[in-house]
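Trainee: Residues per chain are reported as follows:
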Amino acid sequence: MGRNRPSQACRSVDSETAAPAQRRPRGLLGRLFDLFSSITLGIWLLSFLFLYSSIGSAGLIYPTSLGVFNKSNWTNVQVRQWRPFEMTEYEWFNWWPFVLLIGLICTNLVVATLRRIPLRKVNFGVWMIHTGIITLALGSVWYFNTKIEGDSPVVRRQVQIVLPTGERDSLPAVPGAQTAVGDWRFDVSEVNLNWTLASGPDKGQQTIAVTVRVMGPEQSFMRQLLDGYPQYTEDIIATGNPQQPMARAIKAIGTALVDESLALSLETSPQEHVYLANWVEKSWALYLRKQGDREWVQRPIDGLPFYNDYIGSREEVWLPDGMELPLDPLDISVPPAEAGDPLPNTDLNISAYLRYADIERRYLSGGTMLDPFVQVHVAAPGQPHISYDLHAFDREKRQDPNGVLQLVWANNEAEREAVTVRRDPVIEIGVAQTGESLVLPLPLEKAFEANLEFTPVAGTDYAYRIDFWRDNWEIEPGQVVSMAQVSVQTGEREFKRWVFAHPQEEQVDRVVEDHSTHDHQADPHGADPHSSDPHGGGAHGGGQVELDRGLDMKYVPGRRPAPITLVAGPREEQLSLILSTPTKETGLVPVTVGESIDLGDGVSIEIDRFSARGGWDTRPRIVAPERRDREVKERKSMVKLSTRDGDTASTWVRFHHYPVRSPGENLRRYLYHPSEMRMPDGTIIEVMLSRQRLPLPAPVVLDDFELITHVGGYTGSNLSVLNWRSLVSFAKGDSWTDSMPVAVNEPAEYGGYWYFQAQWDPPSPPRAAGDPASQGLNYTVLGVGNRNGVGIQLLGCCIAVLGMLYAFYYKPTLIRRMRKARAATTGGPGLVGDRG
Amino acid sequence: MNAETRRLRPPVKGLVALALGLLMFGGCAEKEDLRSEFAQAVDLEDWGRLAVHHEGRIKSFDSFARTMMSYVTGPRLIAGQSPAFTYLDLAFRPASYLDTDVLFIKNKPTRGRIVRTLQSEAVSAQPGFTARMDAFVETGLISPQLLNMPAVNDLLEIMRQDLMRTARFVTMIDNAKAVARPDVLHRMLRMVAPPGGTFETPWLALQEMGPSFAGDPRVAGVGAREQLAEDYGRLQAAWAAQDAERVNGALAALSSVLPTIEPALYPDADRLSWESWYFKAKSMTWVWLLYMPALVLLLLSLVYRWPTARRLGMGVFLVAFGFHTFALGLRWYVSGRWPNSNMFEAVTTAAWFGGIVALVCEFVVRRSAMRNVFALGSAAASMAALMAVHFLPTDLSPNIGNMMPVLHNVWLYIHTNIIIASYCLIFMAAISALLYLGYRVFGGRADFVRMGGAGTLIAGDGLPADTGDKAASPGQVMDGVTMVLMELSFVMLWAGLVMGAIWADHSWGRPWGWDPKEVFALNTFLVFAVLVHVRLKSRDKGLWTAVLAVVGAGVMLFNWIVINFWITGLHSYA
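Protein sequence lines correspond, in order, to chains A and B. Note that this note's numbering gives residue 777 to position 242 of the first sequence, counting from 1, and the numbers run on in steps of one. Note that this note's numbering gives residue 1077 to position 518 of the second sequence, counting from 1, and the numbers run on in steps of one.
Keep in mind that a hint or two might mislead.
[Stated by the list, open to error] Pair ranges (Cβ atoms, derived):
| hint | chain 1 | residue 1 | chain 2 | residue 2 | range |
| --- | --- | --- | --- | --- | --- |
| 1 | B | Glu-785 | A | Pro-1301 | 18 to 26 Å |
| 2 | A | Gly-1286 | B | Val-743 | 45 to 53 Å |
| 3 | A | Ala-1359 | B | Arg-1098 | 31 to 39 Å |
I should point out that these hints are in silico values taken from the structure, not numbers from a laboratory. These figures come from a predicted structure and were not determined experimentally. Beta carbons are placed, not taken as given, at the ideal position from N, Cα and C, and that holds for glycine.
Chain B with its partners taken away, still in its complex shape (with noise of 0.2 Å):
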């Protein structure tokens, strides 16, 4: 094998140096700017860093208007303009976005009915129709205009009678209309601190700066008030006319006096600031693209014992985990909680723990023959979590918003984290069950571990490092790393299904309510205890462990992808 693996490496290393060399090229090509003139003129930097009072928190403009952009045009930017423009612009100039597509509607199938009422209405024999139409396939994002057609409002209404399977469709495209309309976006824009008032007393909308608010006791305080409205009135009028000058002199004003309304309720600037760059960075899920040269390269250090892949791969890991945990950290910062309520949230930090674990276990087995498969795992998980937020940000949001009341307890953290984490050491374990039947199918000895994952390393039976003629065997070193997991992972997982009794028993007073959520999770579990019990009774250890740890995995991810988005229960809100 030696022999082999040798004659191999010349290629290997230059297909390497040609992948990262691509990354590198991919990620540094200039994109052609899209925007007008007049957007790539206005400055909204300090404007994105200001306070917006949005569902009982304070945000960045930058995260507010990117929150409720993702409402209007999903995951999508208009004419290449960042969200925070798009905002000012449909509220400040509706009129031009009647026919533009910019309302994004996520089911495709929705949009195939759409294009078929359209295609027998007069608009479409209007030119560029078809193209038009292709593009709304394609994107998603289809015009107002084209949207309130009285054809399409029917055929809207029949989906809207079908609660069971079209109606919640309409309600997204309902949604996004109404977040579209100026009125609303304009009374959204609660951006001034209430003077005198308390943590509790709603922020007020620039719009009521106006006279027409001036009797109201809310707005008497603010003592710019007049200012604030010929600043807000000057913006308005300058964006309509796309004067950039003037507009960002009235956006220079505004952003110099509201953080002074009511400096004690204002945030700081840091988390403002910070809250915006998190988001102008994509959430930072873009950190995949580290993990897989790292996978690549752990993967032909493994294949191929080929130590200089090892190093690299390692650093490449350890480069990526930090831009993980950073990224996480931020999310903390700015969100001023640990990051596990959402499924972005749960997803990313499932993925993060796993590294964690990945670094213990490679700190563990540095001698032994296991060493970089744990990474190996770890990297493989992280990329599939951080690529499954980066191309699937409608299902797996990234805004930031505030914990249902429900989730505000000490044993919320404890349980949420400690499931979370086994469910990405079973993912983690199914790589290793994975590699293990890849490594028999293509003719491996059906070797296995005798004392199990820990008890192997403990008991003195470790396996020793790859050198000399005591060498394991890679079906030993994959079946001692799965098993490793799955006994991390198996206490974890009861230990976490314990709690979650408690934090049930503690919150809606049982334990235990066969909840779907809760229900596979035992499953999982049921599936691991299968597993222990068949490494007893089974000749071929190896490849039985390797066969459950997969079928775990399976039902793991069915409970995280099937359950909570189709099958919803008491646990559908995390």
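Just chain A, with the same shape it has in the complex (with noise of 0.2 Å):
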């Protein structure tokens, strides 16, 4: 250090540090005084806190193989999320080895400073340094040991409903909710955020319309409430007229309401209760309540785990291939913890938890129900494998989607050769007339073709002409049936016949209509069956007429296997073959698993399994780490539950993002389904699992939501808004108070809790036929959250700032104005202070 001032010009800590250790030893407390005096113990405990939140955050991160540089072969895994930890980051971060280090930084601070760092005007930004931190320390600990947070669905406005017997309902008006009360059925099929009053001193003015499908004991109808107007509420009705299927009702009977005993009104929505984020600490609950009633009461669960899936058999779930999961049951109990329990006098107890997994329904071979199931693949060549599953007794699986595969299970050998038999279609005609029968058979496949000539019936003024026929026809989901249209023109009038076949047994059923032709007449294709619904005929087509008596029909189907037909039994281990392809046709030829039979063309099938005795079981299918969607969080978990003492069968809880009370009040994302449990005592207990929720210092109710966007509106895209605001008021009294907003980075405070714009309501389209879309922004979802503290924090942060400042800019100015004055007076280089 040739070049260096002499050393001694700088009195540093070190010389310090030296002054306690010369002092004698003072017995234990004195030694660890001295032990938290050390500066190369706080270095140490910085050094232990770097690595345990450098673990907690991003886990460890290491290379699988040799190939460092490639991305691919580094791995990265959570410890905290492993099964002896299973902690959320704010939960690591709580956690007693963070506090203690915490706790021991705080003190080594204190005392070394106390100890080591004169209070004297050079050290000042030392001191404010360390003084920051401990205030921050401090104010950290009220904050964190005090946290709630959580989130607060509010709903803009709910349908209220009064039915004529004074009965009362309601629901949120939110597109597809539906609600049954009494005789009633109400469902919302509308939210329009832009409807324009038309008249009235507003005119011009634009509310919210929210119309509601009535199915009353006696009508349907439609009514639309306007926000705001409710003197303009209106109903509107089916006419029956083509041209306008709907009309005004005040147009079409006279008076604007239907019923005008049926009284429903909107209103705003208020929320009572915040669910608490679960990823910010674990805070499941249970919630019951006894079938029939309302209200939920909750149960905390304390100790169940979040991020791995514990199991106490492979039996009681389906496990995907090639998992391996430990068995690792829980013994969780949940006792009662809240007034109006349903089971005030009986634990819970959970005995499994999966992280993500779907329920559903297997076949299982074996044990003694005759369930014949077989297991085939087609391969064709540069096409992949296709598995199909089919089940004989079962009438959807027992063929494939495209009807080409087809599974039937034979009692005796009769039935196993009534499979063969190939027969086509056949209609009877019986004329009242002459007494006379037509036997007409048909051929199996044929296209519909209008236009045909007509046939005379010989006798008689009739004629027929057959317009389609179809058999196995499934008209609507569930109901198959055998059908022939027949065109009869008598000498005065024309109408057309549905001629149906029973659907089971194979004898002629007199399932006969007439339908007058009025309307068809025009258009040949009116009655085309893909477009129409036989049925529905009344509807848009002509209207049913008294049957005529002069023809009597029958319809018998034709039979012909399935292009693949497998015949299973007599025997059980019995399995055939029969083809029936326009290349190809068989009779039966024994098969056996494992075996690959030739279709042609390199088409083959192979028989994977086969099993005359089997059943179905439903149990949780635990999906893939891989195949885990991290959007979905805790959506899938589940627990399986039942009660303390053993006496109920277990039962697995799905978890619900919000354990709303029916499924009306269910928003457009989320699941709505609870489980069941039946006591012993025959009473039936339903339970989801879901989120613990605190009251709301005050009900907090959405007046009004607004998407402010970018240039050009809505795209679609986030990036297109600009901001989302949420007005709302909070009880207050009897009444509400002003509205205030909350949008993003706008928060507003209310009875000590914070609330946040947090998520939104987007457009959504139909979830289902028959769903209506969402023109979205019927709720908002409020965070909500205390922050007790964070003004201590604040302040310690500012003081350390303060004192880096002092520290590295102000105090060398001090230095330097000391030395000037040391040099006028000794003329030589003088001392400088400490450094800290």
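From these two lone chains plus the hints, build me the complex, please.
Mentor: Structure (structure tokens):
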């Protein structure tokens, strides 16, 4: 250090470090005191803190092979999510080792500052930094130990229903929401956010129009409610006129309301609870109620894990292929916690937890039940293998979706042989006038043909034309018919007749209907089976007319095995195959499992599994970890629940994002599927898994919700959104506060809780056939939380910032001044003060 | 040492001249034009400066096409064509792209799996297949036809199942396929400002001018509807027929009409023109080529105390920084907001802050031996940052988009800018620390500045200039610079963290959420806290400081790269 000035010029901390060490040891307390005065200890503690927080936050990152420059050879595991820990980030940083570490650092900081750093002007900076850190730590203890964080969904409007009987109900004004009360059913078919008033003093104003479909005991109609304008409520009814199927009741029947005694109104929808955020701190709860009750009672769950699957037996779940899951059953007792619990004296017990699973019904071979099952796969060159499961006793699953493959069970030899029968459909016409009977065989396949000639019936003035026929026609889910349509002309009129075959027995049933053809005559396709439902004929075609007894018709459907038909039985191990393709027709050929049958053109079929006996079982199917969608979070979690004393069967209970009271109240994107437990006394308890809830300081309603966009409006991408703004009011005594805005970066405070804009209701397409689409904006989700001690934390941080500036930039100025002063008196380079 | 330096000078000078010459030559070398005759003859100059409405922004067509094509062709150009040309060509002549390698697949293992799949298919017998697959592995471009083969679809289906590892690559391929569809490309051409519309009214697509939309009330007000429909039809027909003259006529007709339909909503022509220029100039990421000679020259000046190199280096640095500032200002002007909302902007803006700090420090230390080292650190940081955005355009996309709603807050501006500025200073500190370590490795003395960085400068303990006998040792210079930068970043990182907490408290209701990015910013700070205290205890202060400064920069880079792109948390949109 030759060129440095003599080191004695700097009376550094090092020289002070030596001072306490030179004192005589003072026993354990003294030694401890010395230890906590040490800067080295501080360095070590800070290093441990670094390690602890790195592992807690990023987990471990390491290469799995030697190719360290290839990103895909690196793996990342989250230590805090391992089975012994099961901690969220928040929990990891609130765990005792962390608290201990912070405690040690603070002690070290206090002791070292007091003992080593004299409170002089030059050391103000260090003192401020250290004081700031301690202040921050104290504020954080308050903050993190009282932290409450959650969310509250608030629906903008609800439809209040008062039945003529005085019964009341409500449903959220969200498209697709539905409820049933008494003999009435209600569903929201549309929410129009931009309804423009067409008349009245507020003409031209926009408001929300909610259309409710009402299905009452006597009639069905639509009722339109306008937000803020109850006087404009009106009904819309079906007219029966195809030109204008729906009309305002005022025009059609002269009154605005079909049924004045049914009162529907739009109201705000108060939210009284906050649901705790499970990912901040695990906040699981069970919600229970007696079947038929409306309100849920919660039971918080203590000690339920979060990230891993815990099962007691591999037979209680469906495990994905290749997934190895240790048996690690849970034993968590969930006692009643609130008044009104439907089982006040019964503890519940959780024995299993699944992080990510779906409920699935599967077939298991074996057992005593006759339920024949075959698994086959079809192999074609250049195509992937396609596997099919066929169940002979299941109408849906006995054939593949295209009807090419079929499995049939034969109870005896005769039934087995009967499968091979190939017979064309037949229509039989009995002529009343002559007593004769016409038997008309029809080819099995025929496309619809219009404008065929009519065939006169000899000896009568009847003429007939067979329009179409079709076997095993699924006219609506679950309803299969075989039928023919015959057009009949008499001297004065023409009508169409639908002749149905009996669906099960192959005898002709006399289900015959006649339909007038007035509306059809111009349009030969009017009876096209592909465009209309024969049973609904009255609504869109000619009306049903009295049956003409002059002609009596029977329809006998054709029979033909499916192109590839497997016949099981009558012996349980017996399986045969019939081919009935355009190129190949065979009789019964015995086949065995593992056998590959050539179908021509290189296509072959192979039997993979066959069993005559088996049964169905419903279990959760655990989703393989690599197939889990991160965004799903805990929404596919479930627990296995039983009573503590084991007197009920255990059931799987699925997670619900919000424990709402009815499916009608459920928000569009979430599941509603409570489980049922049958108690020994016969009562049924409904139960769901969800998050703990706390009462809000005051119920909150959503007055309005605004979407503020960038140029060009909302395009479906969040990038076109500038902000979301909820206008909310809180209950205050018997009334409500003024609306206050809650927007992103613009929270509101009420009753000690802060409210944040957390989620919104985006426009969404129909969820299923018949479900209305949604324009969105029907509800908001507010983040709710407290923030005790934030002010203290901030104060600490600011003191530390000032301290840093002082220590780095002001202290040298002080030293320069001192040096100058000393140089003026001694004429040489001066001493320098402490450094921190 | 001086004698040694003098002896080295001539060859060094020659080397520098050679390097600069090579650089100039490389920059000017003419590239062969791969474009078809038609592509060369089509004039998209004016068309590229028309406005398109896309995701809540009005962009120039050039900028819009670049964004859209980056989903399809990634960072590649197809046959040397501009993205604007490729966009229109894909829309108007989709059939000619069926067997053209145009879809970009970023993930290299995925490319390999697709090649192995295709090798067992009949297509592998085609002439030139092997060369084509080699090109695919190299460039990532493959044709829709090959990608749609059943075997490849099966492979992608399998990959789609693995949400943890491969599903997102398939999603990217799906996006590429979807965007390349002509109906999508036509629908996205929202170039007609809605007449009488407001700020929130969506713009209209050119295809909506056609007769099938005539009854649509949104279209009804467009006075020139029929003419637009005709011109657009003419453009499509001429394009399909490869008739450049008629294409140019139709383009010119549309270009003159479109801005006049609703002038009140139509953006400023200058802005559109600059936006097109900005992207044609490749977002000016090539400025790294200017920072490189600055870095080389400043290094020479530091190592050999060569005044010419110092002056030249500072000059080149200033020029480079000028370009850098211009690029930033232009981006600000084009996007209408300070550029700090995506990774591209964060990286380039951080580097620019480093330049500003370096200039201020250079002014303060202009008479001290520390001079030029700050500029050197900044040149290294800026070069690294601009190289990153230049060579990794898919990870650090230069496309301009809107900010997420949560980012619209004054604290965001303060918080993120202070944090990224401190990150740049940490990087610069690591450069001087590495120089110090290099100096020690080559036998330098264990020197350090006793008063820290700012202290040394302020307390009159300043290092003398490198003249006369009181010359400061290189160890002192480098340790001093490291400390100046470390102290600055220490304060700024802490202050930035605090402001981030204020912002988070305001936006999310919690000042601190133990989000990985927060935790690793805190970890970076912890490393520097350790550094400050180790400096009190250690004898070899310079060595420990340098080592910990490098470790701190490593943690910072880990945060920026690994945490950002891999272990995503709440901050993943930034």
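Trainee: Can you name, in rising order, the numbers of the hints this structure does not satisfy?
Mentor: The structure conflicts with hint 1 only, although it agrees with all the remaining ones.
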